Each structure stands twice: as C-alpha cells, then as structure tokens.
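2 protein chains.
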Amino acid sequence: MSTERTEIEKLGEFGLINHLTENFEIQNVSTVLSIGDDAAVIDHFGKQTVITTDLLIEGVHFDLMYTPLKHLGYKAVIVNLSDIYAMNAQPTQITMSIAFSNRFSLEALNEFYDGVHHACELYGVDLIGGDTSTSQKGFIISVTAIGEVSPDKYVKRSTAESGDLICVSGDLGGAFLGLTLMEREKQIFLENPQVQPTLENEDYIVGRLLRPEARKDILDILEQQEILPTSMMDVSDGLSSDVLHLCKQSNLGCRIYEDKIPIHEDTKAAAFKFGLDPTVCALNGGEDYELLFTMKQSDYDKITLQEEISVIGYMCDADEGTKIITKGKNVFDITAQGWNAFGNKA
Amino acid sequence: MSTERTEIEKLGEFGLINHLTENFEIQNVSTVLSIGDDAAVIDHFGKQTVITTDLLIEGVHFDLMYTPLKHLGYKAVIVNLSDIYAMNAQPTQITMSIAFSNRFSLEALNEFYDGVHHACELYGVDLIGGDTSTSQKGFIISVTAIGEVSPDKYVKRSTAESGDLICVSGDLGGAFLGLTLMEREKQIFLENPQVQPTLENEDYIVGRLLRPEARKDILDILEQQEILPTSMMDVSDGLSSDVLHLCKQSNLGCRIYEDKIPIHEDTKAAAFKFGLDPTVCALNGGEDYELLFTMKQSDYDKITLQEEISVIGYMCDADEGTKIITKGKNVFDITAQGWNAFGNKA
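Just so you know, the sequences run in chain order A and B.
Residue numbers are given in the working numbering: position 236 of the first sequence equals residue 236, and the series is strictly consecutive.
Residue numbers are given in the working numbering: position 312 of the second sequence equals residue 312, and the series is strictly consecutive.
Only chain A is shown next, with the shape it has when bound in the complex:
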C-alpha cells in the first residue's frame, strides 16, 4: 500500500465514485448504460440474465491483517463470477458497493479498486454501478454479478440423475490450508511483532486463499467437448457440504472415492506440517471456488485427457445414502462440516 494518505472527505461521494471508477472501460456490448444514473441498463439480446450477490464483512469473511486490499478487491469479484460460471453462464457485468470507516484513506480504496479493475479486465466484465458510504466499523463489500446464458442452457443443482459421474475441477483444500497458515502467522505476529512470517514454499496455498480464480476455462473445455453438465455448483463451503447440496437438491445419494479427490502436492505438504489429514481439509475446507458438476457416464471418454477435471464418484438413488469410500475401503457417511457463517455445523 502507498504511504501517502488522502482523506476521502475531500472528494465527496460523487467525486469518490468518479475517481475510483474512471479507468474502468466498458467491454460488453450488452452494457447499454453504466455508472452515473439511477440504475444501469443491460441488453442481453435474446439471452437469459443470470444474477448472484454476496455480502462480505471484515472480521467475518476476511481479515485485513493478512489480506492485501488489492487481493481483496480481486477476490470479491471472483467469488461472484464463480457463481455465474457455476450456472454454465458467462459473467458480463458487476455492481460493487462498499462501506468503510474513517481509518480508510483514498490510497487504500485505490488499492482495493485496482484489484476490482484487474478482475474485471481479466474476465471481461463491466462495473456498471454501486454505492459507497461510511460504516461505523470495518470494511463492508457487496457485489452483485450479472451474466448471460442462451435460453435453457443454464445448469441447476437439482437436475443430476442416478448413475451420473461426479466431477470436480482443479484441486481442493488449498485455500483452507492457506487460511490455517495465515491465522498461525497472525497469532505469532500478535504475540511477538518482531518475528517475520516464514512463508517460503507456501506460495501455492497462500495464493489459493488470497487470489482465487473463477473457472471460466472449465466452461470452455465443457463447450469444446460438447458436454452439458447435468448439475453444477461451485465449491465454496467445502466438498462435503457442496456434494450434499447437489444430492439433496437432486433428491439422490452419492459415492465419493477418497483416492480420487484431487489435492495439490503443496496442499498435502502443508497439511502434514500442521498435522492435518489432507482429505479432511479437501472435504471440509472451503473457498476453493472450483466447479463441482455431474455428467452422463456416456461423456466419460471426452474428459479422460483433461487434467483439470477429476471424476471423484457417482450419483446413486437417495435410499443408498451419501457415502465416501476411503483409501482403506472403509465406507463412511458424508457429513457437512463446511464453513458456515453462523459458526455451527449445518
């Protein structure tokens, strides 16, 4: 962060919005009218519009002690785009509202919006509106993402069928281990501010926490391979919790194979360092923002060469239960122990 400090009052609300958004250029023809009026206007030219929204609160969803504001701005966009991709849709616009206490300087907000801008550019989405205000405490972020999809090509959570293969993109558990590491370093720092953090060889898991990506590339692969998933969602609460959502909403059971769950070598190494089981981290850790989807068995041959997609199990009838088969061939019920904003286990 810059060491300069400009007080935000100098700009006023409209001056601030103009300043923060002046270098955002419109990238989509569907963006008919953008920032500066009562509302924005979009035209998806015969496509259906997809909408999702998230509210992120300092101290609940993020910790500014170890989250650079630029990364936070980037991630606030990504987590919403991930929900749009999880509908098999393409994100096209976002609105971004923020509230902040007077400890924030203009330079700090610039950092945040740099991250927002970077995400918008990389994913080709337009910032079309929002709101800025003061808060009594902490930094508050509300993002709404808008996307488009050809009529009836969107993919719900409730349409998997018995026998469908369960697939997941990328690898799981990294963000949770990144969080575990940062929380540990924070405690060490709070107890002894002289100690510098030891983050060598932890780039991967720290990156998974602070700079996640949304899996646009997986939609491209699915389209190239002419695969329409039978159900899909993003992995934000942890694989256990999210697989159970697919099962519940599709009124099915499932079998997951522990040895098929993709876990990065660096995630495994970090888990061992902390004395944690990597599989448990993948099942119960959240914030991976990978895509979890089901597809017909007949599509299996189309993805065998896709390194970014793992088949981890299959859907079955509801009365067969929701179970995981361990490497030792033991069978356990899958229980949702995912991250939950209320602190209890759903």
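These aren't lab readings, by the way, just hints derived from the structure by calculation.
From a predicted model like this one, the values you see are computed outputs, not experimental measurements.
Worth double-checking, as some hints may not be accurate.
What the hints assert, rightly or not - Taking beta-carbon pairs under 8 Å as the criterion, some of the chain B residues facing chain A (in silico):
#  : residue
1  : Gln-48
2  : Val-50
3  : Gly-59
4  : Val-60
5  : Met-87
6  : Ser-97
7  : Ile-128
8  : Asp-131
9  : Ser-135
10 : Thr-144
11 : Pro-151
12 : Tyr-154
13 : Arg-157
Glycine is no exception: its CB is placed at the ideal position from the N, C-alpha and C atoms.
Since the structure of chain A is provided, determine the placement of chain B on it from the hints.
Only chain B this time, still in chain A's reference frame:
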C-alpha cells in the same frame, strides 16, 4: 416486535434463508429460476434489463431506536424500486442480503422480512436471491433491484434540453421533518426514558420517513398521457442536490420557483414548530423518493389536471446558471446541501 426469542444458530444458514423466504411467491414470468442455486435466472423476453443497488448500514442510514424492522424491510426495497422507476422502467426482481450481530433474534428477522414481503407483493417484484451472514456490529442491508424496459425507452439524467419544464411528483421535505422529529424524540427519551413520545398529528411526516412509497403511479400517468420525460431521477438527496445533478449531467442551467415547490400542509406545520423554513427543508432534506423529471413544454397541457405532478421551473442554457426565484422575487444560486453519507457538503 414479538416478545419470543429464537436463536438463529438453531436453523443454520440454509435453514434461515428457507425460513425467511418460504412465503415469497413468484409473480413474474421473467423469473425463470429463483432462490436456492448459485445464481438466479431471469428472461426479460426482448426487453432491456435495468439494475440498481444500495447498501444500508445501521447507524449511518437508519436508526433502529425509532425504525421498526418491518418498516425497514419495506423501505430497503422501496428505495431501490424508486431508482428503477426513475429510469422509466418496471421493477421485476430483487436480491436481498443482510448481515446482523447476535443481538438479533429470528423473530426480529421475521419482522424485517415481513416488510420485504409486503413491498414485493405490493409492487409485484420477486425476491430471487441474496445472502445472510453475521456482522461484528450492527445491521447491514444490501439490495439489488432489477427491472425491465422496452429497448431505448429508459430515461437518463443527461438528456434534458434547454426550455424543458422541470416537474416533481408528490410533495417534498416531509421525510426530513419526520427525521428531525424522531431525532428530537430520541434525545428526549435518552435523557428521560419515562417521557412518552408526543407524535400526535405527526403521522404524515413520520410516515414519509419510515414508510415511503415508490412512484409507480407517476409512470402510469406518464404512459397514459403519452409523455416520455426528457430526463428523470428520483429525489433521494434533496431537491437542490438532485436538480443540480440533472443540470450537470445534461450540461444545462435551470430556474426553480420557490412558490411552485410542493410542500404538504403537515410538513409546513412541523417546519414552523421546529423553527425551520419549509422551503429549505424541501430543498435540502432528502429521502422523499419522489420523481424529478423534465418534459417538453408541448406536453404541459397533458398534466395540468394531474394533482400529483407539479411544474416547478424550467431548464435553460448552462451559462444562465442554476437559480431559484423566491416568493419575494429574489434570485439565488441553488447550492447542494443534500444529505451526504460523508458528512460534508458536496
């Protein structure tokens, strides 16, 4: 509010969302997919989509000491619908995200959602998504409203022309006097909790503050009379500030006549009681959520019988300035002294 208290943890996040939204019925055919997936899907069938969003923070935008939660839920929807109407569009869907500290019970959230539900029913909009989480302090509300408009029928702020008439719906200043009254009663209560509030004959101004309406009816009148405003916005920051927005964005000046500004008798009475000038309250008080628009002079005859629309002045060239002509025929520059979340004057 009910005297029962149910702890929210018992439900979990998904249980809570299900509980709060279970009696919301879909009213629009454009709502293709609603709450319960990664995102919602809407299909405006060849119309353009209009989007607006607001972030409301306890202690900044509302005070729960005198704002019943049911009214707050209602108003949180209304202020966003008002922005959609101000585009000459019809609202069709909203998303609603809330964050709350553990001092909130399930009964309190039910009250809030009762108000949200009432607004949705009355204005025919569907709640299609949102987010709930905890906050470290206070109640936080983020609403995004989505509407539809026939292609190119939306009305911007920047398209007024010199000579156009400036019109405003309803009457102004009431919400500001309602706020002044409630703040006074709050101070009296804090100093002496035994004193009961004296709100007799103050129904109108208190209602303007706590239960505003969005002016859907004005759009109906304009359509019936075949008037397409040349520019439009809603009056949320105060008439002065908002007229200046129209002028600045349309690159024009204006003349406003003090004696034409519509002020309710009860608003005038309250202003005199507080020793305030009613015109100043109308110019600088915010939150009236009336529609401010310009129209061609040739449309004047169409609205002479419309009691809910007042012509208050006209647009002129930018070099003639932005001025108000008082009842005493004095001419003053209009200055923006509207409500501003940053506490300074823009």
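Outcome of the hint check:
Because the closest C-beta pair between Gln-48 of chain B and chain A is about 5 Å apart, less than 8 Å, the hint holds. Annotation: interface hint on Val-50 of chain B holds; nearest CB of chain A at approximately 5 Å, less than 8 Å. With a cut of 8 Å, the hint placing Gly-59 of chain B at the interface with chain A holds, because the nearest CB-to-CB distance is about 5 Å. Contact between Val-60 of chain B and chain A, as hinted, is supported at the beta carbon level, the nearest pair being about 5 Å apart and thus within 8 Å.
The interface hint given for Met-87 of chain B holds, since its Cβ lies 5 Å from the closest Cβ of chain A, which is under the 8 Å cut-off. For Ser-97 of chain B, the suggested interface contact is upheld, since its CB lies about 4 Å from the closest CB of chain A, less than 8 Å. Interface hint status for Ile-128 of chain B: upheld, as the beta-carbon distance to the closest one in chain A is roughly 7 Å, under 8 Å. Because the closest C-beta pair between Asp-131 of chain B and chain A is about 5 Å apart, less than 8 Å, the hint holds.
The beta carbon of Ser-135 of chain B comes within 5 Å of a beta carbon in chain A, closer than 8 Å, and the hint placing it at the interface holds. Taking 8 Å as the C-beta cut-off, the interface hint given for Thr-144 of chain B holds, the closest approach to chain A being about 4 Å. Because the beta carbon of Pro-151 of chain B sits about 7 Å from the nearest beta carbon in chain A, less than 8 Å, this interface hint is met. The criterion of a C-beta within 8 Å of any C-beta in chain A is met by Tyr-154 of chain B, whose closest approach is roughly 5 Å, and the hint holds.
Interface restraint check for Arg-157 of chain B: the shortest CB-CB distance to chain A comes to about 5 Å, inside 8 Å, so the restraint holds.
Violated hints for the displayed structure: none, as all numbered hints are satisfied.
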